[in-house]
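S.K.: These are the residues of each chain, in order.
Protein chains: 4
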Amino acid sequence: MPSTSTSTTTSVFETRESQVRSYCREWPAVFTSAQGVYQYAEDGSRYIDFFSGAGALNYGHNHPELKRHLIDYLAGDGVTHSLDTYTVAKREFLETFEEVVLAPRGLDYVVQFPGPTGTNSVETALKIARKCTGRQDVVSFTNAFHGMTLGSLAVTGNSMKRAGAGTPLYHSSTAPYDDYFDGETPDFMWLERTWSDSGSGLDLPAAVIVETVQGEGGLKAARGVWLRELAALCRRHDVLLIVDDVQAGCGRTGRFFSFEEAGIVPDIVCLSKSISGYGLPMSLTLMRRDLDQWEPGEHNGTFRGHNPAFVTATAALRTFWTDGAIEQNVAARAHQLRDGLQRIIARSDGATLRGRGLLAGVAFEDVEVAGRIQAAAFERGLLVETSGPSGEVVKVMPALTITEAEMAEGLEILVDAASAVLRRTDGTADAAPTVAADREPAFAG
Amino acid sequence: MPSTSTSTTTSVFETRESQVRSYCREWPAVFTSAQGVYQYAEDGSRYIDFFSGAGALNYGHNHPELKRHLIDYLAGDGVTHSLDTYTVAKREFLETFEEVVLAPRGLDYVVQFPGPTGTNSVETALKIARKCTGRQDVVSFTNAFHGMTLGSLAVTGNSMKRAGAGTPLYHSSTAPYDDYFDGETPDFMWLERTWSDSGSGLDLPAAVIVETVQGEGGLKAARGVWLRELAALCRRHDVLLIVDDVQAGCGRTGRFFSFEEAGIVPDIVCLSKSISGYGLPMSLTLMRRDLDQWEPGEHNGTFRGHNPAFVTATAALRTFWTDGAIEQNVAARAHQLRDGLQRIIARSDGATLRGRGLLAGVAFEDVEVAGRIQAAAFERGLLVETSGPSGEVVKVMPALTITEAEMAEGLEILVDAASAVLRRTDGTADAAPTVAADREPAFAG
Amino acid sequence: MPSTSTSTTTSVFETRESQVRSYCREWPAVFTSAQGVYQYAEDGSRYIDFFSGAGALNYGHNHPELKRHLIDYLAGDGVTHSLDTYTVAKREFLETFEEVVLAPRGLDYVVQFPGPTGTNSVETALKIARKCTGRQDVVSFTNAFHGMTLGSLAVTGNSMKRAGAGTPLYHSSTAPYDDYFDGETPDFMWLERTWSDSGSGLDLPAAVIVETVQGEGGLKAARGVWLRELAALCRRHDVLLIVDDVQAGCGRTGRFFSFEEAGIVPDIVCLSKSISGYGLPMSLTLMRRDLDQWEPGEHNGTFRGHNPAFVTATAALRTFWTDGAIEQNVAARAHQLRDGLQRIIARSDGATLRGRGLLAGVAFEDVEVAGRIQAAAFERGLLVETSGPSGEVVKVMPALTITEAEMAEGLEILVDAASAVLRRTDGTADAAPTVAADREPAFAG
Amino acid sequence: MPSTSTSTTTSVFETRESQVRSYCREWPAVFTSAQGVYQYAEDGSRYIDFFSGAGALNYGHNHPELKRHLIDYLAGDGVTHSLDTYTVAKREFLETFEEVVLAPRGLDYVVQFPGPTGTNSVETALKIARKCTGRQDVVSFTNAFHGMTLGSLAVTGNSMKRAGAGTPLYHSSTAPYDDYFDGETPDFMWLERTWSDSGSGLDLPAAVIVETVQGEGGLKAARGVWLRELAALCRRHDVLLIVDDVQAGCGRTGRFFSFEEAGIVPDIVCLSKSISGYGLPMSLTLMRRDLDQWEPGEHNGTFRGHNPAFVTATAALRTFWTDGAIEQNVAARAHQLRDGLQRIIARSDGATLRGRGLLAGVAFEDVEVAGRIQAAAFERGLLVETSGPSGEVVKVMPALTITEAEMAEGLEILVDAASAVLRRTDGTADAAPTVAADREPAFAG
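In the order they appear, the protein sequences are chains P, L, V and U. All residue numbers for the first sequence refer to my numbering, where the first residue is 14 and numbers rise by one. All residue numbers for the second sequence refer to my numbering, where the first residue is 14 and numbers rise by one. All residue numbers for the third sequence refer to my numbering, where the first residue is 14 and numbers rise by one. All residue numbers for the fourth sequence refer to my numbering, where the first residue is 14 and numbers rise by one.
Keep in mind the hints are simulated off the structure, nothing from the lab. The reader is advised that the hints may include incorrect statements.
Same chains, same label: a pair holds when it works inside one copy or across any pair of copies.
[Said to hold, decoys possible] Simulated crosslink set (SDA-like; lysine to any residue; CA at most 20 angstroms straight-line):
id : residue 1 : residue 2
1  : K174      : G147
2  : K80       : T109
3  : K80       : R118
4  : K80       : I339
5  : K80       : R331
6  : K174      : G404
Just so we're clear, the structure is a prediction, and the values are computed from it rather than from any experiment.
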C-alpha cells in the first residue's frame, strides 16, 4: 500500500530540483525497480504501468532478452560512446533495421542518427526539409506536439509550452487536424486552396509535419483516407511530408510504423522513444535517399553513437519484429482495451473513445474528470496519464507485450477509479471502502 | 596493424547511413570494444584515445568501478526510464551532486534535467533566460559552439553549421571572444558601450552565453580576468551569464567547473558530456534559484529520466570528486601534455599552443596541417581530432585518468605523426620506414 | 487619337527609370494635364479615367474648388512643411474632420498623422496594436493588400510582392476572406475555434486587419454580416480590429467609411489615398482613445505635416461631406455602373460581378481576358485597371463626382472594348471599323 | 512677442491628435505662414528657422522661383497624381536629374520612385539589396536613424523608437560608427575580421547602410577616410553599400550628395526630404544599374507619382545646381556657423563641435542643456532642434540659401539663449531683462 509520508524521501527533489518537474506531482512515489508492466516504489507499492514511459517502453520494463544483450555488451567492454564513428554495434543495428524493418516494407530510407531524443530527430527533419526545398515555412496541425527545442517548439501547438520559449516562434503555420471541425468542412480545403492561390498570403511550405495519432494533443487519430489525401496533396505541390512517429511508431498502433495502415510513404520519418526497446535514449531520422543532402558534419551531436541503445534496439527488432506475434498481440489487446474503455464511456455523458491500437483513451466533456481519474487510479496502483490541451483525456498506453490477464487487471482498476470519480462528479456518494478493497490485490507490498 | 580493406565491413554505413556522418571519414575503423584510454577495432587494431568522445569520456572508456554500478543496477531491474518521476537513482544523484559538487563550492543552483544532450541543456538555458528577463537577444562569442537545434544553432558561430538550418537564425548577436583582436582593443569595450547607449541599436540582451575554452572553435581559452570582467559587466547591466560547460566542465580543465579558476559564479550553467561519467546521454541545467520560474511541464522531454546515467553519474562523483586526486592528475598530465605539444610547436613556424588543462592543442598557420597530423596519427594508432573554423588546430583531449606512461605513449605517436607531416610540408623526404617502425608498438593486434 | 510613336518621348523613362515601373507598361502615354474625369496625353489624346489614381482621386482630377484653396494657400505663403508642429491648416483639418466626419457618426477616434502614405498608416496601426496588446501576430486575409514596407508586406497576400522582401516575413497569419470557400464552410470557424483552443498552435493575435472590399485582391467585397461577426469575434477574444480603409474609404463605397454600412466600429482605421481629396500624399491612423499609448516621438516621419494636403482635405470635406449629395451620386452611378458591367457579363460565360459602390468590376474565368480588355479600352481612350492575383478582374473606379453622361460615355467604351476582346477570344472576327467609330467621340484632341 | 495663451487655439490638437506628437511640445506655437528663413505664428510672432523641416527645406520656405513653377503647374491643371504612369513633369525631372546631378558626377544610377518618404526609400533599398544578394542581414551603425516602418526601424539605433515596433526586429546587426570608441580601435577591425572568419557567427550581410552625418543620432560626421575604407571593405566582400542621404544629401553638407567629398560611389543611395526643394513629399532610390532586378510592380505605392513635387524638384535643380553658387554659400555659411558655435562651446566645459557643412551643432556633457537651449531659443524667436540619443546636441540646420545677415541674426539669438542657460546651469543669475531686450528685434509681429 503506497506510503503517504513522502516528505522525507522526496525532500531533495523539492529543495534541489527545478519546479519544471511534472509527472512526479501526479505520481508522488519514489520508484526503485520495474519489470514488464509492473513498477515498484521504495515503500513497497506495486503499480501496473499503463503509461510505458510515454511510449518509450513499448516492450515493457527491462525485458529479459534485451537486458541480457545489454549486460553482455557492457560486461564485454563494448564501445559505449562512439559519436559517429563506425562500430560493430551500429553496423548490426543498421543491418537489422534494413533487414527487419525497411526491406520487408519496400522502403529505401537513408538513416540518420541525429542525437538521441525525439526533438533532435524533429529538428533534423525540419533542417533537411528547409535545406532541400529552400523554403522556410513548415505546416503543423492543431494540437500537435513535436518537442521542446526551438525548432520543434515552433511546430508544437500547446500555448503554455510555446510561451516557454520566451521569444516568438518562427516559420510555422497551423492547419486543422483530421476532424478538427467534426467533419463540417472538406479535408484540406484550406491547404489545397491557399497553396494554389498565389495571392493567399501563405507561402508554399517546405514541409508538413504530422502525427498519425496525436499522443500529447488528446489522442486524436487521423483516418487513413485523411492521411492519404494529405500525402497526395503534398506530392502535388512538391511539399515534403514528415511523419513524426516518435510516439505512435515502433508498433504502438499495430504495425511497426504508424502510417503503414494508411498505405502512405512519408518523405521523412522521425523515430525515437521505443526504437532502443529498453527506454535508452536513441533516435533516428529516416529520409528519402535524394533528400540526404547534408555536408559531412553539418548536423552533429555528442550522443549520436549511444551503442548500448544500438544493442538493445537490434535485440528488440530481432525479438519482436521477425514474426507477426507482436502485431497480433497489439490487435487483441487493443480490442480488449476498447471494451474496457467503453465501460467507462457508458458511465459518462459525452465521453468519447479516442486513439488507435494501444494508444487509446477516453475524452471527457468535463475537463477536470481525467485528472481525477489519474489520481484515483494512482491511489489504486495504476499509472495512467492524461492528454489533450486541457488534460481532458485519460490516456492508456500499456506495453505492447502486455498479457490478457495484465490488461484485465489494469482495466479493472481503471474502471473502478473512473467509477469512483464519476460518482463523485454526479454528486453520489463515493463508496470508499469498496475502492480500498478493490485496490488491495493490485499491490504486492 | 589496421586493415585497409574496409569495403565489406563498412558497406552498410555507406549504403544506408546519411552522408552527414563525419568522424568515421577520418577514422575509417570499425570499433568493437574499449577500456580506459584504449579503443579496439574489429581488425584487431588498438588505438590510444586522445579524443575521449569529444569530452564525454573524461574517466576513460568503461571505467570498471562505474561499470560495476551500472551492471548491478541493470541486473537488479532498477528503473531504466522514468521521465521526471521520482526514482531512487535520481535522488542519489541529486544528493551526491549537492554534497560533492555544490555544497563544497558554496553553490545553491537549482538542478533541471532538460533532456539528455548538451543542446537540450543550452536550449533550456536560453528559454529560461528569455522567459525571466522578457528580452529576446542572446549574445554569444565568435567561434562559439553550443549545439545543433535551432535555438542553440543561433548562438553558434560556424557558418557551415548555421547554413544547415535552412532558415535565418534569430535573436542572437555576436561579440569578440577573448583575444579575438590579439589584445589590440580593450576587453568588452563594445558590449559595455552599446549596452549603455540607448541609441546603439543593440537591444539589451537576455543573456550572454560563453565557453571558458572553445572546444570546437579552436581551443581558445579565456583568461580569468576576461571572465571576471564579463561577469561584472553582465551584473552591472542585469544581463544573465550562462556558462556552457558541456565540453570544458566535469574536470576537463582541472576543477569540476571550468569557471572555478576564474572565481566567477554564472547565473546558469549547462553540463552534459561527462556528467554521466560513462558516455551515457545525460545533461543538467543549473540555475540561480530565483530563475527557476518554470511552470510544471513547461519544458519536457522523453529521456529526462535516464536512470542508468544517474547511477554512473553518482558513482563517478563519488569515485573521482571526493578527494583531490583527479585534479592533481589533470594538473600533472596537462604539464606533460604541454611539454609534448611544445616539441611539435618547435618544428613549425607560427604554431601556437592553445587551450587549458587537458583540453589543449596546437594551432598551425597552414590550415591543412592539423588534418594531416590527425590522419598520420590514426595510421600510427592514435585518435586525435582537429578543431577550429578551418580545422587548423590539433586538439588533444585524453581521459582525465590517463597515466603518465599512457600520456607519454600517445605523445610519442603524436610527435612522430606531426614530424612526418611537417617534414612533408617542408618538402623534405618522409622517412616512411621509421614511421612504420615507430608505429608498431602502438598496436596490440 | 493616341500616338503610337512613343519611342522618343519616353526614352528617358526606359534608360533611367527602374524596371519596377508598371502602370506605364499598360498605358504607354505621357500624360500632361487632367480635369475631372479626363486625362490628357502630350500627343493630344484624351482619356476617360475609370481608374482615379487607384482611389486617390475620388473627386476627380484637379477639382476647381479644391484647387482654388490650394493655390490660395500656396500663393499666401502658408506653411508648406511643418512636421508635427501645430499649424492653422492642420487645426482646420482636425476641426473639420471632427465636425464633418467623426461627430455625426458618433466616433471618438484619436487622429494620428503617421506619414503621408497608406503603408505608413498600416505600419502605424500594426505597431500600436502590438504595443498595446503585447502580442506579435496579426491576422490578415487571403488576397489582402496593405502595403510594401516590411510590416505591411507581411500582412499582404500576393506572393510575387512578398518575395520582393528578399527575407522571410514575420508575425502574420492568414485567414480566409469572406466567401473564400464559396460558402462551403461557416464563417470564422477557423479563427473562433483556434483562438479558443489553447493547444491549437495559433497564438492569440494582437489584431486582425481587413479591407471591406479587396481593391487589389480582386474586388471581393465582404458582406455586412461577415464584418459584424468578425467584429464580434475580435471583441470576444480581446483582439483589435483594424480596418484598412485606404482604398475603400473616403466615400468610395457610398458612405465616408466603407464599414459604416455594416454597422461596425473598428478599433483602428487606416485612411490615405483620397483623404487629401486632390491626390496629394496624406494619411491618417484613427484609433480608439485608450489605444493612443504612444510616447511623444515614438513614431515619426518627415512628411507628417504636409499642409497643402491638409488644405485640400479640409476643402474636400466641406465641399462634399456636409450634405448627402455625393452619397446619392455614388448610389446612382454605382447602379448605372452595375448595369453596364452586366452587359459585359452577359457576353462571357462564368464572368461575375465583383465589388461594392464605385469600386466594382467583372471577374473572368479566363485570366487573360481582363488584361486584354484593359489594353483595348486604352486604345479606345479609357483608363481602366485590372485586379486580382492573376489580374483576372476588370476594375472600374471612376471619380465619385462623375456625371451620368460621363459614366455612360466610359461604359460605352468599356463594353465595346470587352466585346472586341470577347469576340476575339471566341474566335469571331473583331469588327475593327465599328470600334474606331465608337471611340472617336471619346477624344477631345 | 509669442502669446502664452495657447490653450484655446491648440485645444483641438490636445483633444483630438495622438499623444505621439512631439515637436509641437517644444514649440507650442501655431504656425501660419513662412518665407525664406522666417516662419510666422498666428499670434504674430516671427521665428528664424534653424531647423528647416529637419532637412526638408534646404532652400528655405516657399522659395519664390519654385512657388512660381508649382502654382503655374497647378493652375494649368497639370496632372497631380499619376502613380507610375509617364508624365511630362516626371520626364522633365528625370532629364534634369540626369543632366544636372548624375552626368556631371559620372554616375549612372537607375532611378526608382519608391513612394514619397525617406522610409519608403530605405525599405526599397533594403529589399533590393536582399533580393539581389540572397542574403538577409544588413549592418547599420550605432545611433543610426533610417525610418519608422518595420524594415527601416530594424536598422535604426534608438531604443525607444525600436520598442515602438511592439515586436522583435530582424536581420540587422550593428557596427560602431566612426569614432564610436574615440579612436581607440582600428576602423572596421570588427567587420573585416568577422566577415573573413567563417566561424564568427556573423553571417555575411546583404548590405551596409550608413549616413555620412548622423542627423538624428547626434550629428556625428564620418571622416572621408573612414567612408573610403568602408566602401573598400564592402567591395572586397561583395557586400552592398547603401548611403542613406535623406537628411545629409541635397547639398546639406556642401556637395549635392554628402558622400562626394569622400570620393566614394555607393551601390544604392536613398534621397528624400529636400529632393522636391519645397517640402513636398518625394523620395528616390538610386541604384547601380545591375541591381535593378525588380519585376514590374514588385514594389509599388500610391504616391510614387506626386507631380507637383516633380515640378518643384526640377525647378530646384535648375535654380540651384547648375552653377556653384549654392555650394559656395554653404561653405561660407558653414564657416560662419562654426564660428558662432565656438562662442557657445567656449562657455561650456566639455562641449564639442559636431557635424559637417550646414548640419552642425554642439554636444554638451550635461544632457539637459541642449533641451534648455532649444526652449530658451524658442522664447527668443529661434527654431533650433536637439539631436542625439539623450537629446544632448543642439542641432543647427538653416536653409542653404540663408544670407550672412540672417545667419548672424540667428546665431546672435542662439548664443544669447545658450548663455542664459549656461549661466543658470552654473548657478549664476539669469539676466532676464537683457534677454528680453535681445529678443525683441527677432520678432516682426
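S.K.: Under a CA distance limit of 20 angstroms, which applies to K80 and R331: within one copy, between copies, both, or neither?
M.R.: within (14 angstroms within a copy, 26 angstroms between copies)
S.K.: Check K174 against G147 for me: Cα-Cα at most 20 angstroms, and say if that holds within a copy, between copies, both or neither.
M.R.: between (28 angstroms within a copy, 16 angstroms between copies)
S.K.: At most 20 angstroms between C-alpha atoms: does K174 with G404 qualify within a copy, between copies, both, or neither?
M.R.: within (14 angstroms within a copy, 39 angstroms between copies)
S.K.: Within a copy, between copies, both or neither: which one fits K80 and I339 at a CA-CA cutoff of 20 angstroms?
M.R.: within (19 angstroms within a copy, 33 angstroms between copies)
S.K.: Reference check for the pair K80 and T109, CA-CA at most 20 angstroms: within, between, both, or neither?
M.R.: Only inside one copy: K80 and T109 sit 18 angstroms apart there, 27 angstroms across copies, limit 20 angstroms.
S.K.: At 20 angstroms max between alpha carbons, let me know whether K80 reaches R118 within a copy, between copies, both or neither.
M.R.: Answer is neither; intra-copy 28 angstroms and inter-copy 39 angstroms both fail.
The structure fails to meet hint 3 from the earlier list, while all remaining hints are met.
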